[in-house]
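Protein chains in written order, with the numbering used here: chain A, 1 to 1026; chain B, 1 to 239; chain C, 1 to 165.
Please keep in mind that the hints were generated in silico from the structure rather than gathered at the bench. One or more hints might be untrue.
[As the list claims (entries may be wrong)] Derived DSSO-like pairs: lysine-lysine, alpha-carbon spacing no greater than 30 Å straight-line:
hint : chain 1 : residue 1 : chain 2 : residue 2
1    : A       : Lys120    : B       : Lys30
2    : A       : Lys286    : B       : Lys185
3    : A       : Lys43     : B       : Lys107
Please read all numbers here as calculations on a predicted model, not as lab measurements.
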Amino acid sequence: MTISRRGVLQGATALGAAGAAFWGFAETGKNFYQGVLGTAKAKGIAGGALPPEYKVDPSSGEVILNPDQRVGYTMCMGCTSVCGIRVRVDKASGDILRATGNPYSPLSTNPHIPYDTPIKDAITGLSAYGEQGLPGRSTACGRGNAAIAKQNSKERILKPMKRVGERGSGQWKEISWDQLIEETVEGGDLFGEGHVEGLRAIRDLKTPLDPENPEYGPKANQLVVIPVFKNGRLMMAARFAKMAYGTRNFVGHRSYCGLSMRAGYAAMLDNLKKQPHLKPDYRHAKYMLFIGTAPGNAGNPYKLQGTLMGAARGRDGVKYAVVDPVLTNSQNHAFGKDNTWVPIRPGTDGALVMGMIRWIMENERYDAKFLAQPSGAAAKAAGEASWSNATHLVIDDPEHPKGGSFLRQGMVTADLDEDAQKAPMCLDAETGELSPAKGRPATLFHQGTVRLLDGSTVPVATSLSLLRREALRKTLAEYSVDCGVPEERIISLARDFTSVGKQAAADCHGGTMHTAGFYTAYAIVMLNALVGNLNAKGGTTAGGGRFKDVQKGPRYNLLAFPGKVKVKGVDAGRGGFAYEKTSEFKRLVAEGKNPYPAQAPWHSFTQPMGAQWLTSVLEGYPYKAKAVITWSSNPVYGVAGMENDIKEKIKDTKRLPLFIAIDPFINETSRFADYIVPDRVFYEAWGWASAWGGVPTKVSTARWPVVDCQTGTTPDGRHMDMDNFFIDVAKRMGLPGFGDKAIPDADGNLHPLHRSEDFWMRAGANVAFDGGAVPESDDTDMAITGVDRIRADLESTLKPDEWRRVAYVYNRGGRYEDAAKTYKGETFARSYKKGIQVWNETVGTARNSMTGKKFVGCPTWQAPSFADGTKVDKAFPPDLWSFRVVSTKSQLRSSSTGGNPYLDDLKLSNAIAINTVDAEQLSIKTGDWINVISPSNRISGQALVRQGIARGAIGIEHGYGHRELGARTHKIGNVILEGHSNRGLGTNSNDLGYTDPTSQRPVLLADPVVGSIARQALPARIEKMS
Amino acid sequence: MNSRREFLKLAMAGSTAAVAAPTAASAQAKPKRWGMLVDLRKCIGCQACTVACTIENDVPEGQHRTAVPVYELDGPDGPSQAVLPRLCNHCDEPPCIPVCPVNATFKTDEGAVVVEAEQCVACGYCVQACPYEARFINHKTGVADKCTFCVHRTSVGLLPACVETCVGNARVFGDLNDPESDIRKLMAQHETKGLRPEFKTGPNVYYIGLDDRLASTVAVGGGARDLRQGLETPAHGEV
Amino acid sequence: MPAVDLMSFDHEAVWRPWAVAYFLLVGTGAGAALLLAYARLVRVAEAKGALIVAASFALASGLPLLADLHQPARFMHFYSGAAPGSIMWWGSWFLPLFIGSTLLLAFMTGRRGNAPMCAGERTLTMIVGVLALCILGYTAGEMSVVSARPVWNTLGFPVVLILTA
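Put together the whole structure using the sequences plus the hints.
As structure tokens, this is what we get:
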């Protein structure tokens, strides 16, 4: 602890300033006055404490409720982990008093209580009775506690707003709901700047938006909808945008958040479309390796990982290492030597991991028994919990038309049925003969040739041989030089990782968001394959999934309706579409020109690239947008380099004629909107969410208004929000899937969709009935949890046998499978069935759109590069650009937490962290103001000098440097919404992002393979400010 | 409404009358003696306790009854990250109590050091006397304020707000007089230390994994405090 | 290498400039009173100047002390109970006695003009002197018993405080 001696000194100095006397006496007078009048606030010994929400008898455990308060269970959105929370509300004022965890939710409790626990018993379980509340505690993190300040924030937008000045000018006027709907749907001369096409005119599902490039799809694709992350309300927006309106351009925020990680896992887990991912089994792992992820400090689910890391540190025999340019709270001093921090040069984790793989290969430390199983059947026979394609033979000739593909039985054997033709080939481990992958082990390493049916001979190699070849491309010494981690360290990490059997796990996340991101992530997650830990207790899990909610369920189908549109065409960010399939490519080939490089990168096997959408549509490649709708989304703040690229272009109404933002606040993106539609904050909203990962049992978290919504109401009395905006736009346009006959039940009868409740309560019916119906709630429980406040809506919306069951689910803040169902023996009960792809055929057969070269289909080390393969270090040599910037995740901040008084109170600004030795060379001390200069921009901030950051790295904590969220003044009609300069303190490392210099058309710097935006390892220089 | 009356009765017991109203259980058994154990290995420094306490106890901006400083410590294997949740130690020999000129602060029967708000003249003497910087004059209430072990909750069968929301399950609250309590069992299994032993205050907040460098005045060579002091200097950035 | 604080919390000074003003004023007052007592004890002088200083500073010192209380209206709490363990409580008695006796002395001295001092006045002077010692003792002790403040908690501190007074 530090003792302040400033008091005495300050006092002495202040004495000289006798002028202060007057002020002091004024204060005394006030204190005196308050004392005399008895207006001093505190009474008794508890200070200003809140009255407790309930009381639990210490001898019987009986619960006595406080009739002035209620506690309801819903979902948090302080970050993206979507935890279950309990929200304590003052009944008289309707104010939220405090929020903590929901004991039924596995995201907040370890372990969560059985789902059938009565509501009152759950309260007892949180109390001091029998000390139950210690192991039974259900928590919210600092951010989750603080988030309640959002609801009553003075900066909330409660009525629709329309800009009156130019875009971004901060001049607005309030308009009516009807005017909002009319103008956005019908268009017209909305701003006195000429005609603007409305949403009705843009929705043309027949005419191609570009006749020269028909693959781009219909004009309707020129509506671009950029929503928030998977927050439990996404499907309402998806229903409007994709299924009813028919635009291709609707996607989440993955490409700027954690796409490298998701793509790396997706390649390994053979599902590039849905991009599942794994999490370590924190409860039983003996060794964990975190690279570019910092559980307990950040990540998703942030809080649960923190709880489980805490528990792991309390267990005997657990070790872990955190590889990160920055030391964070993932490493814990008190835990001692069993957790180590491995500093590394930003962007070079791939070198470290390929070095580890090299050592593992050379020393045969891999799980040979697991890797030898070429199919699920073989794994089952061998007692393995998963299988891989390590033994499958790949056509090992990039020039061959089938290069990078697996050798399949149909290529070597004639007259087979379709299934048999597809069977991948391997060498039987016992006989050595070429045979289809079946129920027997196969040879791990083989490189040779195979004669195909057409008589030609092709070189082949097993997936594992190819991985070994990639790993052996560089020596350990070379890998060490590239990443700055000593060889011995690389070896010790590899040894530790391969010393505990399947009870080892490796994970990564946002640290891989750089221009070597995909292969880095693929390599990191491949470590799991080498120890065969998938589905194993103490290994890794793909999670337990969710109960059916909006998809076809036991009661309703909220994703199917008469007239549903199937979207077509190319994503505005050129994601998930091969350049070679475009008309542009074909034209160039027909003209005899070299089609490479493309005008800007295309990424054939990734998902739609929402992070590039604004850049792309403002540039017009592949095409322009006529309207953009953002919803609770802030790419201008959150995507590296975005603001630099678009801040002028977005003001040009010819580039983008209509921009609607749906948001409870004005953020860095919605500041540029033509219209802002008010929305609910999460305590007020409807929805169904699930864990992104890390929970091995089924999770469905309910969102329902535990407090009254504060936004204004529509003429028919509904609260203004995202749901009702889309519903009313759809109804005015006559879109399918909205209005009287919109939602089919299991018997095919159609039910109406006029308001949020119509959609989300029916999704709740699916949750309540999926896999067996939950019991019905009685009136008492509904009164305790405040669900009685929505009882009338439940009764009028749902069927008689549904509503009390849905109430039962809302009473518990969702539906959660019991923790007892986590394991089945030594494996996870809910296991991942697909095989691990040591070689991914889709990756290995795709081409780089800038060079035309095929990608390597297995993990490899490629230093950070631009889209055309030019090394970043070559363009920005380290002797001139001696630093690489990393964005470090904050425990307290998210992009949306700006202006939260409780969080501001803890840390008002971030700093620019640099290593002690670097600082010495530059004569920089903590507190000095410095400039960080990137190829695109410069930012200024205070230096924080520490040993806990790698040499040559600059660490900037995310969530600061806001320009909005209360930092800037807005004028709404005649009302001034005053900005506060201290809301914008600190820096945002995304301001240093830049566009790829090797791309002809502007594109934000991204991974060359999958297009994940590079917010890490950005080149920079430092200058001390004079 | 019957339940309201019943509840209020209890809530009252939680505030002024707590000294005179031992709980039913403790009337028969040995009286409770509250203590807290912080397993530093489990703390992730998320500040959930800090914020929850602020909200639960309506602690003003810039003041804290509990908080979690985070330090980077030097070591033979490189730097490492240390967290130190801090709160009132509810000492056996609290230096803050005898200095009070108006007898406004005292220990409850359960051992919590508390301040009787209406009696306090807010002279600040107790604030000066505490070696843990656990006390302050509350800007909202105008009287001496500190952690009460959430007496309004712990006296009605609940846990302190910081414990309820401790993400790492690092904070353990319980009865030091009960050998079967979780806190006692953990203390039996692990070496524990208290802060600032040189003051011989007999602290009732114990730590697992406390580095001696954190036990007393921490030698700080720069960091967040310097940054705060220099924050206003140059104008920066466009806002 | 010393630690780097990555997250820290500020503690404002609880005794505001008023406390320092009080210590200075009451110290000066008490010092003057001591000089006065000494002068009259050894009969070198009337020491009216010292008396004026003692009386005016003693009177003035009450104000900043009250100002430093965050609950000044509750100053009566000092007298509604006994807290003999607290040096400040002793001070709460010394101070009004000192102020009162000094003022009374000043009144007596002023009223008699150039007439010789009566026995009562002489006794009162000695009482004032003793109370001045009490004031100095209590202010110094008040701060030095606070072991939480390392600078204050030294043997030399009371001496320094008295000397500066």
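>> So, against the hints stated earlier in the document, which numbers end up violated here?
In response: none
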